[in-house]
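Chemist: Protein sequence lines correspond, in order, to chains A and B. Note that my numbering has the first sequence beginning at 1, numbered continuously upward. Note that my numbering has the second sequence beginning at 1001, numbered continuously upward.
Hints in this document: simulated from the structure, not taken from any laboratory. Be aware that a few hints might be false.
[To be verified] Keeping only pairs whose Cα atoms sit at most 25 Å apart, straight-line, the calculated DMTMM-like set for lysine to aspartate or glutamate is:
no.	chain 1	residue 1	chain 2	residue 2
1	A	K244	A	E158
2	A	K272	B	E1133
3	A	K210	B	E1133
4	A	K203	A	D255
5	A	K120	A	E105
6	A	K42	B	E1133
7	A	K251	A	E229
8	B	K1156	B	E1054
9	A	K272	A	D232
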Amino acid sequence: MIENRLARSSTPGIAALQRTVNKSFLLPAYIIISFLFLISEKSDFRAIRFIKALINDGITYSIYIVNAPVNLILGAGSEARQYFNFNIVLENKKLKDEIDQLVSEKKELLFFKNENENLKRVLNIKNKDAYTAVYTKIIHEDTNEFAKNLIITIGSNENIQLGQAVVRNNVYLGKISEVNLLSSKVMVITDINSRVPVVIPSKGVNAILKGNGLGGAQLLFLPQNVSLENNDQIYTSGTDGSIKEGLYVGKISTDNKKDLKNRRYLVDLGFKEHQLNYVSVLKIARQ
Amino acid sequence: MRSFLEKIKYYSAHIIITLICINDSIFINTWIAPGPIINIKYILVFYFSFFQKERLSVTFLFILGLIFDSLQGMPFGLTPICFIILNKIAIFLKKRRTHTNFQNEFIAFAISLLVTQIVSIIILNYFSQNSFEYFLLAINIMVTLIFYPVIRQILKIFYSY
Chain A
1 MIENRLARSS
11 TPGIAALQRT
21 VNKSFLLPAY
31 IIISFLFLIS
41 EKSDFRAIRF
51 IKALINDGIT
61 YSIYIVNAPV
71 NLILGAGSEA
81 RQYFNFNIVL
91 ENKKLKDEID
101 QLVSEKKELL
111 FFKNENENLK
121 RVLNIKNKDA
131 YTAVYTKIIH
141 EDTNEFAKNL
151 IITIGSNENI
161 QLGQAVVRNN
171 VYLGKISEVN
181 LLSSKVMVIT
191 DINSRVPVVI
201 PSKGVNAILK
211 GNGLGGAQLL
221 FLPQNVSLEN
231 NDQIYTSGTD
241 GSIKEGLYVG
251 KISTDNKKDL
261 KNRRYLVDLG
271 FKEHQLNYVS
281 VLKIARQ
Chain B
1001 MRSFLEKIKY
1011 YSAHIIITLI
1021 CINDSIFINT
1031 WIAPGPIINI
1041 KYILVFYFSF
1051 FQKERLSVTF
1061 LFILGLIFDS
1071 LQGMPFGLTP
1081 ICFIILNKIA
1091 IFLKKRRTHT
1101 NFQNEFIAFA
1111 ISLLVTQIVS
1121 IIILNYFSQN
1131 SFEYFLLAIN
1141 IMVTLIFYPV
1151 IRQILKIFYS
1161 Y
């Protein structure tokens, strides 16, 4: 009874004292909770992982709702530009020409594919792992000084697993770095923690592609005295066993210095950051 | 009506910080420079802690930090600790100076940012397997310091009305 009276007290002195007690209690409490969270990062308990996955899903979908008006405003500009596009007839003609060209290239590819399969049959080479693609939406994109992430709308509900490749139109974007119940995080190729085994088929060279954390990537472990040219294409080599081989990554851009030791190789990635809406996750269907 | 507008103005700091923290890559990094360049969340937390220390509560900073960690895939608890440290250092440095000019304020921000980044590096080293580059962090700190006067001025103009 007395405690209740104290709690409801409107006396300025007591109210101020209560506030001070609350505040002085809150600060150490939050710091202790934060450290408990950090310590739990190192533990491998299923229950803790499940709780974290639940928190992550809750935050992700809440942010998606909160961000809806922001995304609407940001998207309005590009939609308005499309609406007032007066060059639509010319653009249509250009796209039709491109489609014709792509159809002829597709026919040629089909021919090579059949030829390749016939040769494999003759040489008795077994087919490698088959992959199935799961289409998904990006609901959030985040960058800070330590990481570069995309959040997608599928998780363990679609049997997504760590390390699976994420692509857009057969262009490699990154791999799954965290799986929750209804969402997953993708570590983008430009993240400083990203390492991808790649191959440059025109030169028969293998290397590791490392993100530089500034929106680009660099090639590591190139053989000595290798000479790469501008526009040499880079594909995933698939040597890590989880990323499909032959996914397009980007092309080489070099300063073409005569001295090979001083020649610098940059990578022009096959996608543009901040312009992605939908991606596919490649899942291995072992034969 | 007036009190309603005042309430909106009071909570606008919370709304601005929340929206910018969850969208900092869209607002700043995409428009001004590619990659993780400006640490705008630290600028905002420092600014409001330094000039209006009553505005941002520890509870708000703790929850916002957790949201941020969840979105960024950082170890849970890293950003709440950084936000709380930044808030407390800003309040402490403000208390020490009875007369604050821009020079004092900028030095206070530089000290707070440096301490916060050192704490985050120590925590990441102990509790996470993610690697990081000191060079990138140095760029981040430098550009954040360069942009501090600009963002501070925008906020001053916004809150002078």
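Chemist: Against this structure, judge whether each hint is valid.
Modeler: Consistency of the hints with the structure:
no. : hint              : verdict
1   : K244/A - E158/A   : holds, 19 Å
2   : K272/A - E1133/B  : holds, 23 Å
3   : K210/A - E1133/B  : holds, 13 Å
4   : K203/A - D255/A   : holds, 18 Å
5   : K120/A - E105/A   : holds, 22 Å
6   : K42/A - E1133/B   : holds, 22 Å
7   : K251/A - E229/A   : holds, 10 Å
8   : K1156/B - E1054/B : holds, 17 Å
9   : K272/A - D232/A   : holds, 19 Å
Hint compliance for this structure: every hint is met.
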